[in-house]
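A.B. asks: All chains should be built: construct the whole structure from the sequences, respecting the hints.
Protein chains in written order, with our numbering: chain D, 107 to 263; chain H, 107 to 263; chain L, 107 to 263.
It should be emphasised that the hints constitute simulated quantities derived from the structure, not laboratory data.
One or more of the hints may lead you astray.
Which stretches of chain L does chain D cover? Using the computed rule of at least three CB atoms under 8 Å from a CB of chain D, they are [said to hold, decoys possible]:
1. 183 to 197
2. 230 to 240
3. 256 to 263
Just so it is clear, CB atoms sit at the ideal spot from N, CA and C, and this is done for glycine as well.
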Amino acid sequence: KMAEISQMIDSEVFLAFATYATIVILKMMFMAPLTGYFRMTRKAFANPEDVSLRSKIEDEKKKMLRTDPDVERVRRCHQNDLENIVPFVVIGLLYALTGPDLYSAVLHFRVFVGSRFFHTIAYLTPLPQPSRGLSWMVGMGVTFSMAYRVLSTGLYL
Amino acid sequence: KMAEISQMIDSEVFLAFATYATIVILKMMFMAPLTGYFRMTRKAFANPEDVSLRSKIEDEKKKMLRTDPDVERVRRCHQNDLENIVPFVVIGLLYALTGPDLYSAVLHFRVFVGSRFFHTIAYLTPLPQPSRGLSWMVGMGVTFSMAYRVLSTGLYL
Amino acid sequence: KMAEISQMIDSEVFLAFATYATIVILKMMFMAPLTGYFRMTRKAFANPEDVSLRSKIEDEKKKMLRTDPDVERVRRCHQNDLENIVPFVVIGLLYALTGPDLYSAVLHFRVFVGSRFFHTIAYLTPLPQPSRGLSWMVGMGVTFSMAYRVLSTGLYL
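C.D. replies: Here you go:
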């Protein structure tokens, strides 16, 4: 069972989790300034107060309140990160507390983080499908594998 | 106060939290392949590279780059999961560390997870309102109740 | 290194983290009823079953299935919360386990939570830019600072 969890939290597995979780969350956060960059270069904003900084002419301001395919692409990529990285972090934390051996744990973390970096590249380039789809599936597979261990180690319903 | 938390983490309450958190996160993750299923059956995609896999004819490809009410419904359901399940997981973890008695803890977890499964059914069927609204409120109520215990057990401002 | 984490979890730093994380998550959850409030006063809904509660006349129902600038503004604010508060909570938890001194920890938590409350006010009023942009940057800066400490305390790749 999940006993001795309080020792687990001092383990190398937990350190590895903290490292990879932080890296992949930083990667996700990077999508926000990237959206800002595309909004500025494509001149495509969502709020009237954002365009007021950039022009005083009413007509120019209205034109900048629009959606742009590149901005929307970065936003979909950001959303996909939220939908996938949040489950990884939650289930990964619980998984790290089940006391897996260091080798499998680090393998899980590395494959997930690698798959999400590749997913971002595949989404933003964009690479032809199914490269983005496959990288998404790899990430999902890692999280499912960790969830399986959490549930089989200490199911308490 | 929140002392002896490191013992709490070995408790049955924590095991129960790990079980229910994993189940409800898996439920949330399931919304992604469901979106994919609706995108494929409704032929409604967001990215040009996604339709290229499905047709070589330029006209057919353009027609598939569209929004579809069923796809948007699943996406709203997924978004509502993110907005509600993430707070549950964060506050539930802190709540589990305050050392609640096992009976109330498991009751909180079960009601929340049940409310979110019902919410998904109510959203996707769709059931007439206010069924979806009520299930959403039940979930919010559980999270508020746990937040109240976290803040009243160990407020440190 | 990150040793003796299991003691850290009983510390005042952890209590402070639990308090501020709960408060800022509650703030984020508040965006949902606020969206509901704007949907009802602006009569702008996303689902056919939601308008059926409010009118029986087919024409009136159709008119209420629309987007409204105020509703969309609250939703963007909610989305920005998700994108920023989730990273804060994850990295803040790991940061609290690195054993920072109480003064810097509480400073980080307070500045972040303050910046997010200000961000919401700046978004919803709306205040002229760059007030919203600056409050967003302050929050990002706090999370980066905590991430830096997590990675420099116990990097395990």
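A.B. asks: Are three or more residues of the region 183 to 197 of chain L within 8 Å, CB to CB, of chain D?
C.D. replies: Holds, because 7 residues of the region 183 to 197 of chain L bring their Cβ atoms closer than 8 Å to Cβ atoms of chain D.
A.B. asks: For the region 230 to 240 of chain L, does the count of residues with a C-beta closer than 8 Å to a C-beta of chain D reach 3?
C.D. replies: holds (count 6)
A.B. asks: Taking 8 Å as the C-beta cutoff, is the stated coverage of the region 256 to 263 of chain L by chain D satisfied by three or more residues?
C.D. replies: holds (count 6)
Figure legend: structure checked against the earlier numbered hints; every hint is met.
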